[in-house]
Every structure is written in C-alpha cells, then in structure tokens.
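Peer 1: Now for the letters of each chain:
Number of protein chains: 2
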Amino acid sequence: MSKKPSLSHELTEQLRVREGFDLASFDRGARPGLKGGSSAAEDLLVEQGGILDELQEKLYAHGRSGGTRSVLLVLQGLDTAGKGGIVRHVVGLVDPQGVSIRSFGVPTEEERAHDFLWRIRRALPQPGRIGVFDRSHYEDVLVARVDELVPPDVWESRYDLINDFEAELVAAGTVVVKVALMVSYEEQGERLAERLERPDKHWKYNPGDIDTRLRWDDYQEAYQAVFDRTSTPHAPWHVIPADDKRYARLAVSQLLVEALESLDLDWPQADFDVAAEKERLEATRR
Amino acid sequence: MSKKPSLSHELTEQLRVREGFDLASFDRGARPGLKGGSSAAEDLLVEQGGILDELQEKLYAHGRSGGTRSVLLVLQGLDTAGKGGIVRHVVGLVDPQGVSIRSFGVPTEEERAHDFLWRIRRALPQPGRIGVFDRSHYEDVLVARVDELVPPDVWESRYDLINDFEAELVAAGTVVVKVALMVSYEEQGERLAERLERPDKHWKYNPGDIDTRLRWDDYQEAYQAVFDRTSTPHAPWHVIPADDKRYARLAVSQLLVEALESLDLDWPQADFDVAAEKERLEATRR
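First to last, the protein sequences are chains A and B.
According to the UniProt record's numbering, the first sequence holds residues 1 to 286 in order.
According to the UniProt record's numbering, the second sequence holds residues 1 to 286 in order.
Hint data in this document are derived by calculation from the structure and do not stem from the laboratory.
Be a bit skeptical, because a hint or two may be false.
[As the list claims (entries may be wrong)] Derived lysine to any residue pairs resembling SDA-like cross-links, with alpha carbons at most 20 Å apart:
id, chain 1, residue 1, chain 2, residue 2
1, B, K201, A, D266
2, A, K245, B, D53
3, B, K245, B, G85
4, B, K201, A, W267
5, B, K278, A, I210
6, B, K204, A, A276
7, B, K201, A, P127
8, B, K58, B, W267
9, A, K204, B, E282
10, A, K35, A, P5
11, B, K201, B, D79
12, A, K35, A, L11
13, B, K245, A, A276
14, A, K278, B, R215
15, A, K201, B, R215
16, A, K204, B, L265
17, A, K201, B, K201
18, A, K201, B, L265
19, B, K201, B, G85
20, A, K204, B, Q269
21, A, K245, A, E42
Just need the whole structure built from these sequences, with the hints factored in.
Peer 2: Below you can see the structure in the form of structure tokens.
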C-alpha cells in the first residue's frame, strides 16, 4: 500500500459545521482528511498551487468576458490564528491581479455612520475575482457582542441580517467560503510569546491582543453562536484546526479549489470572428 | 571560472534611459546584465523571490507602524508586451496583502470629467504598500497622442505635468519605478497569432489590438517622446527588452529589489513596553 501523502476528498465535509457542532470539544491540533504530517501538508500545498492557478485564471477570463461569477473567502479567527499566513501562502498562490483583499479593522467614523453591512457591500469582489475578507461582517457579532459595543438586541438581530445578506450574494453568483481558524489557548500563548521574543515580529504584536485573550471564553461562546446561527446550506462555515499552520493552509487551499470547481467554468468563447482576425493579423506582416 | 548563472549589479544601470537613448535601435531580444540564457533567468527569478519577500514584509511592517514610504511600479508596453506576466510572476512573488494593483483602461465618464491625473491620484499606494499600475498616466501621452483623443496642445502640456506630479510623489516618500516593456514587431505578431490559435487564449485577444499594431510607428515615436521628456533623475525610465519574457521578469524583479533596498528599512521598534507585555502574557497562563 502506498504511503504517499494525500488529501481526502472528504476533507471539506469533515470541516463543515453541522447540526450539534461543539466548539469546546473541537480538537485544534488535528489534521482531518490529511494522510501524512505537517511536512506532507507543505508538499501538497505546492501541488495545489498549480491547480488553483488554472482555476483562478478561468474565473478571471470569465469575468473579463462578461461573466458574473465570483468567489468570496471570509477569514475569521482570533489573533495569531493565522489569517495573514493564509493570505500570504494560499491566496499568494494565484495571480494577484485576480484577487482583491480587504481587511476590516475598527470601523471608521464614516463606517459607523452606516449600517454594519455598508462597508462590507462596498468591498465585495467584482465578477471574475476572488475576494478575500481578513475579518468581516462577523466582527459585528463577535467583538461587538463580547465588548458590548452595541446593545444585545442590536447584535441579536444581526445573525438573520447576515444570513439574508449572504443569501443575496449567493443568488447573485458569488460562492461564499467561510473559514474560521481555531487555535488552542496554549498555542495562542506560544505565538504571542514568539511575537514578543523576536524583534522582527514586534510589529505584529498589539497590547490589545492580551485584552482579547483575557476574554477567551466569551469569544468561544460568541463563535459557537456564529456557527449555530449562520452556518446555512448556501454559506456553511468550515472550522479549521489551526495549531498546525501548514495543515490549515492546505485545508483552505482545498476549500478554494472546490469553490472554484463548483463554478464549472470553461474558457470563454471568442466574441469575434477568429478566421477574419487571423487574416487581419496576416495582413500586418512586414 | 564559474559558469553559474548570475545577474550583474549593473543591470539596472544598463536598462536606465539616458541622454540620447534611441528606441529605434534598441535590441528587444537582448538580455543585458544576465550571465546565462532564458532558463537561467527563470532559475534566478526563484532566488529573487526570497529576497523580495523579506524586503516587502519590512515595507509592510514599516507602513503598519506609522511609516510613510511606499513603492510604485509603473508598467507600460504595447499589447502582448508581457505586463500581465510581470504582475503574475514578479508581483506574485510577494505577499498579496502588501500589494495594490490597478489597471487603467479607457477612462470612464466620471474619469473624463476630471483632469487626467485625477484617477491616478486616487489609485496611489498607501504607505507600506507596493502599488502596481498596469498602464498609467502615460496612456494620456501615448494613446491620447497617437489617436488624437485630445488636441496637440493638451497632450503637449502633459509631459511637464507628469514630471511635476512624479516629483511630488517622490518628495512624499514614494519610490517610483517606471518600466517600459518593449517587444519587437515580429514577436508581437507571433504572440497575437498564438492568442488567435489557442481557444484558452481567445479571451486575451481584442480586435482593437490589430488597430493598435497598424499604428506601430506612431506608438514608437510616442514612446520615444515619453523617454526623452519624462525620464527624470527622480523617476527615470527603464526600458526592458521583452522578447524573452523570462528575462523581462527577472529584470523587473531586480528593479523592485533595488527600489526596496533603497528605502533601507529595518524592522520597526516596538511602541510598547516589551518586558511589561511579557509579564502580562505570563499572567494569562492557565
């Protein structure tokens, strides 16, 4: 029997949130769907690169030819969960021209003057693009809930608004891929310690990260509510064990591959007369 | 003596436009500064990737820590010159999070209602970013001149306006890297033929490309004027022989490396008390 590292076709399903999902008992150090360890994950990610690259180019070509489909990758996770690494090592595998990345921090004054989805709608990917949200509208039911930035009835009402909003996106042709990277409490502690230890990582550290860490249990509860209330058939959540960064990157690459494959795109038909153009070109010969 | 492929430190200087530069006699199949052939260029580009990656991360860290420097890569070239390939294979070497890519096509109605630099100013990279312009304000003295989209006195006045604008950018902390990719007439013909031959390339073809090809000599003249009038000490032009795509990519990667090195950035100093934060983190241990 072959011991070749490989990725199970069921990986995506194994990561998908289903009825009764329990975050508290979720193993953040596991590697579901992967035959092989962390370095196998790294090797497989290189292979995924070629696959993703062609699929993405087809999506781009589709958009350039009047097509309306797009993909939106929503990345959520607490500090140090590895969102930046996903952008760098997974999204970085494809042509940057076909990608639009937006990160959502504390809302500006202008953003606060509008409803919480306003800034999100403005950042949606154009047809033919892969949009990436580094944090997203889910912050409005995570930090907003934990830090009581708005009254309970306001954040309470947002879960349904989010579901409606995403249904609208999907109906308009966007495949919505929702990913929550979940690190363990211990691993987060080690990653923060590394940022404090290494001068080349200081810029990634923010004293606010400790304040958030002190609210760990509240955040876990808020995430559980997100999974319970916004994992819909049209836009399910995928929860990724993220203590092993390389596994997490491979898993997200597979989710992207499947999202792109689900579009089932082919190269666009020429909208000009190929034979006539060949003649015109021939006539330019000097 | 070693036959190892290598890149000369003088490559950049060899490509820089100087007094008396003559586009008509420029060899578009040459590989100045490269010891080795096309496949050597490909190997060296992989090495450049690691160098670029770290330099770009330092720039990003700088921006995240209140720094104001940025890099703007201006890409010009006729159809099929390889601008898209530069974005994909060179810009694609770095973290997409630190890059903003804008391509400038036919101006929209809103853009036409403003002066020609209006849409350009709105697309400038934020501090800490590498901005990439796929076509740029130079279209306003290229296609605008060749196709007489504006009267001669209008495009005539633009060279000085462009120089002033770029001087302003440089004074504000942006390194401006101007790159013109130059293919030969024959090579352009072959690349257009390939786009017509291969159904997976049809989407890249536009019948307008032949119209532009028919104005080849006018475009060469317009490019010569661009080099004569806008290659300034603060923002010089680099003309890249682009018949060999792999050489062109390597050359542009080297220009980017040098631009980033010229910023001479180090990792930002912590703006918090490292020892105190270590204690706060330690106190979160469970």
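Peer 1: Decide, hint by hint, whether the structure agrees.
Peer 2: Each hint tested on the structure:
| no. | hint | in the structure |
| --- | --- | --- |
| 1 | B:K201 x A:D266 | 12 Å, holds |
| 2 | A:K245 x B:D53 | 19 Å, holds |
| 3 | B:K245 x B:G85 | 8 Å, holds |
| 4 | B:K201 x A:W267 | 8 Å, holds |
| 5 | B:K278 x A:I210 | 10 Å, holds |
| 6 | B:K204 x A:A276 | 17 Å, holds |
| 7 | B:K201 x A:P127 | 19 Å, holds |
| 8 | B:K58 x B:W267 | 6 Å, holds |
| 9 | A:K204 x B:E282 | 18 Å, holds |
| 10 | A:K35 x A:P5 | 5 Å, holds |
| 11 | B:K201 x B:D79 | 14 Å, holds |
| 12 | A:K35 x A:L11 | 11 Å, holds |
| 13 | B:K245 x A:A276 | 28 Å, violated |
| 14 | A:K278 x B:R215 | 18 Å, holds |
| 15 | A:K201 x B:R215 | 53 Å, violated |
| 16 | A:K204 x B:L265 | 16 Å, holds |
| 17 | A:K201 x B:K201 | 43 Å, violated |
| 18 | A:K201 x B:L265 | 15 Å, holds |
| 19 | B:K201 x B:G85 | 14 Å, holds |
| 20 | A:K204 x B:Q269 | 11 Å, holds |
| 21 | A:K245 x A:E42 | 10 Å, holds |
The structure shown violates the earlier hints numbered 13, 15, 17.
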